[in-house]
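> This is what each chain is made of:
2 protein chains.
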Amino acid sequence: MADGKGAALTRRGLLVGIGAAGGAGAMYAAMGALGLAPTGQDKEFTPPRAGDFTLRGKASASVVILGAGVAGLTAAYELGKAGYDCTLLEARPKAGGRNLTLRGGDRVTELNGPPQEVTFGEGVYFNAGPGRIAPWMVTLDYCRELGIPIETFVNSNAAAYVHVENRTVRARTARADMYGYVAELLAKVTDSGALNRTLTRDDRERLLEFLRRFGDLGPKHEYEGSPRRGFEKFPAVDGGTPLDAPGTLRQVLAAGTGRAITNDFGYEQATPMFQPVGGMDAIVTRLQEAVGTDRIKTGAKVTKITTMDDGVEVAHTGGVLKADYCIAALPPHVLAKIPHNLGAQVTSALATPVPVAAGKIGLEYGIRWWEREDRIYGGVTETDLDITHIWYPSHDYHAERGLLVGYYNTGPEAELYGALTPEDRRRRALTQGKKIHGEKYRQNVLGSASIAWHRQEHILGGWVRWPSFDPSFTLLQRPAGRVYFAGDWLTHLIAWQAGAMESARAVVTGLHQRVLRSP
Amino acid sequence: MADGKGAALTRRGLLVGIGAAGGAGAMYAAMGALGLAPTGQDKEFTPPRAGDFTLRGKASASVVILGAGVAGLTAAYELGKAGYDCTLLEARPKAGGRNLTLRGGDRVTELNGPPQEVTFGEGVYFNAGPGRIAPWMVTLDYCRELGIPIETFVNSNAAAYVHVENRTVRARTARADMYGYVAELLAKVTDSGALNRTLTRDDRERLLEFLRRFGDLGPKHEYEGSPRRGFEKFPAVDGGTPLDAPGTLRQVLAAGTGRAITNDFGYEQATPMFQPVGGMDAIVTRLQEAVGTDRIKTGAKVTKITTMDDGVEVAHTGGVLKADYCIAALPPHVLAKIPHNLGAQVTSALATPVPVAAGKIGLEYGIRWWEREDRIYGGVTETDLDITHIWYPSHDYHAERGLLVGYYNTGPEAELYGALTPEDRRRRALTQGKKIHGEKYRQNVLGSASIAWHRQEHILGGWVRWPSFDPSFTLLQRPAGRVYFAGDWLTHLIAWQAGAMESARAVVTGLHQRVLRSP
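Chains R and F are the protein sequences, given in the same order. Just so it is clear: in the first sequence, position 122 is 121 by numbering that gives the first Met the number 0, and no numbers are missing. Just so it is clear: in the second sequence, position 364 is 363 by numbering that gives the first Met the number 0, and no numbers are missing.
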């Protein structure tokens, strides 16, 4: 991708762009692609099979897995295919980790905060953790393998809004105007002859053909609006009622919608995306079933990890567990606080990644006004408010009730909301959403539930950020004695379940090869 | 939208752009928006109610409806709400018109061609007519009202391909490269000072900020590729394996992917779109149930229409029907051949719109290789081949079998395929698709069914094109005596079911007001 000339600058530039569009995961991925980050396993994954042992006349091994989140469950699931004797220790009252779907009857507790009783109606759910899956991600393979029905998740919606600097405009309108003016500018520059030395006549013709199409330009290459912007009343028997004319180029640039309309350009966020039918926790449920719920000890907080020549010993609040190997599939900042004998480098490495605050609120409404009145079926409204996003549901369209994600924010905004009581979070989210949707946003709210991941016991963060490219990352991709580390935080898919799964697969591969090689 | 200066040119330019992106419907809509097309009813539709008569002490009327397609069924459904006595005459063996979903056990007959026996497996269906619904369309309101579950239809997929001039590239790659180079060109022009007289310093900064984001540019504003292009192997534990570097600006322009990557810019095709769960004909089924199947006489070909002072008389192959009013909801070119006493202007107007050929093939595969191997879940591959498009299914993801739309073409390409036998259509479609997907495209094909709408008896076209803005259009929006005309062809939503429904609503409104006014 990058050649010699000016590669360093180019690389940095790329990372800036990617970080903005796709978050930390995308940035690390790009670092890998550019050769700036360590490379790991990149062959196809081969699941361990029972035959791997029986054909060799060997016995499998016992493995204690710390954490029954997606990484831990995936590791247990894959190892189980070859008959490994796995035990999962989970400090929380139930498995799943950040893959958490809330429904009526659930109770949410938080550090330093009052508990919330979830009152959502029948069939209404709130994916408080991950909510969408890109089609290239291994997560979909697990959905297929585990028989979890999936459906389309609408991540980009031309009818959703962009709310920036107190102005609300439909995404389609913002896009048409920005593309229109960009096309006009470049087309007029081309017409003026300024590109004659850069481009041949044929190339200029091709460029202009594209720009006319891209910006819906007139014959003099002006942008003066386009039906792509949408309508006050869409065409029917008549031709419809157009919106007000677009602002000037200057107004459109000043509107600052550029970030919002490029949000789905990254490979992690591109259309289409997917979700399990009925809630993301179907993945947890099916993994648990496949692993065997009797193998998962909940309420078991790990207090000490000891690697030895012939095995591992894990002390936890319910006793001490011995096994041949250990997979530590906890968040690094949680793991960092557990005494161990894995060495000072591991201690230091575990303390390197920084937890990122993340929060979400689910708002249940008695009527799907966003479908009926706004004609928004799924998708995301992008804002520069502290709620950051509003997600509209991509399922059960036309149902009576429905649930919006009223904020999904990270960093300082997540800390701000996290510090509020659940009631105040809701009040603030409704006040912000009203700026976009008007008074109806505060009406007909049947229930709500919010989560501050950085205040979730034993999790303490939405995900982690590596402050810089760091050898800790590769150090922890390798086992320390008989202890392996797993989690999205050790991959280039941070904050994605696919990262947890890929990490688990890599650890399972390494562990299994070691067991097969061992005498 | 358009101001005085150069408005005529601007309008024409807009129409060229719109026609290319959105088809005839979009062009007419734009004509309406620009004041070039006649305006019709644009108020909210109020369905007739039983109380409209009982409260006035009046009787409702009898209406004979010609054609039980979506327009005819919608008219009967709405009139039925007020107790009108409707009878539908349908020449074909079943209702629905172009809203046709084929399943195993169905039989497709064509003019001048052998019949096809459809052999698709359980649960597999092929929407041979309309296949997608935009969220602003009235079609969704009918889905809600009639209790028809809907799901997302993926119309745009970054993972689908663009196949132009014998090169196949993922849509995400084509888009990243084109946007990257466009951004680079305009950013460098801006850097050179060439826009200093057009834009203020602030505006230039804002423009550059957008362009960096839009094109994923480096700090010197070069485009040298981007993770947005996709990967040979996507990031996981490692950073992934990048694709080959992008071509030069010149190569990217020459690749000709511009049309394909702007295909979803129009308001008719924008993401997201929707479909009824289980097949588009759910709309027909539910409308029929609501209307009462006993009111629909199939196999009844209309042979004469006579309007009189006190009613209408419609002769058909099964007899003669008298009613107070008639709604002629047949294609205009079919209607044009039926003797009537509605006057020469009507005859001439009905002969004005030109039928457009349209064809589709459904290819059923024993394995969803597009999901497993290509990671394409729904969406459309755009091509410059005579198949024009390939549609991947947006439903039953991960099922064993699946059905692709192997071509959906119009005009000369549809005529070409329509002239072939079903077996030759299939062979040709497979040969073309192989150019994109390789040999697997011709393997595991379990069954196929194709349709040439211009060869469907009593329909004779995919839709119509009005050769120019024409007073015939408005003439036929008004009744001729006691005969009303309805269909998508009388709206600005040609080729969409929403057009048929909107037209039916307009006619129902006019007819009902007349009945209420009549002594």
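Just to be clear, a hint being listed does not mean it is correct.
The list treats identical chains as one, so a pair stands whether inside a single copy or across any two.
[To be verified] Straight-line alpha carbon distances no greater than 27 Å define the calculated DSS-like cross-link-like pairs of lysine-lysine that follow:
hint, residue 1, residue 2
1, Lys219, Lys187
2, Lys57, Lys434
3, Lys439, Lys80
4, Lys57, Lys219
5, Lys296, Lys433
6, Lys219, Lys303
7, Lys300, Lys219
8, Lys232, Lys80
9, Lys57, Lys300
If you are wondering where the hints come from, they were derived from the structure by calculation, not from laboratory data. The model shown is predicted, which means the values in this text are computed figures rather than measured ones.
> If a hint holds in the structure, say so; if it doesn't, say that too.
Hint check results:
1. Lys219 / Lys187: Answer is both: 9 Å inside a copy and 23 Å across each meet the 27 Å cutoff.
2. Lys57 / Lys434: neither (66 Å within a copy, 49 Å between copies)
3. Lys439 / Lys80: neither (52 Å within a copy, 31 Å between copies)
4. Lys57 / Lys219: neither (78 Å within a copy, 59 Å between copies)
5. Lys296 / Lys433: neither (44 Å within a copy, 52 Å between copies)
6. Lys219 / Lys303: Neither. Shortest intra-copy (73 Å) and inter-copy (51 Å) distances fail the 27 Å Cα cut-off.
7. Lys300 / Lys219: For Lys300 and Lys219, neither the intra-copy (70 Å) nor the inter-copy (51 Å) Cα distance is at most 27 Å.
8. Lys232 / Lys80: between (58 Å within a copy, 26 Å between copies)
9. Lys57 / Lys300: neither (33 Å within a copy, 78 Å between copies)
Figure legend: structure checked against the earlier numbered hints; hints not met, in rising order: 2, 3, 4, 5, 6, 7 and 9.
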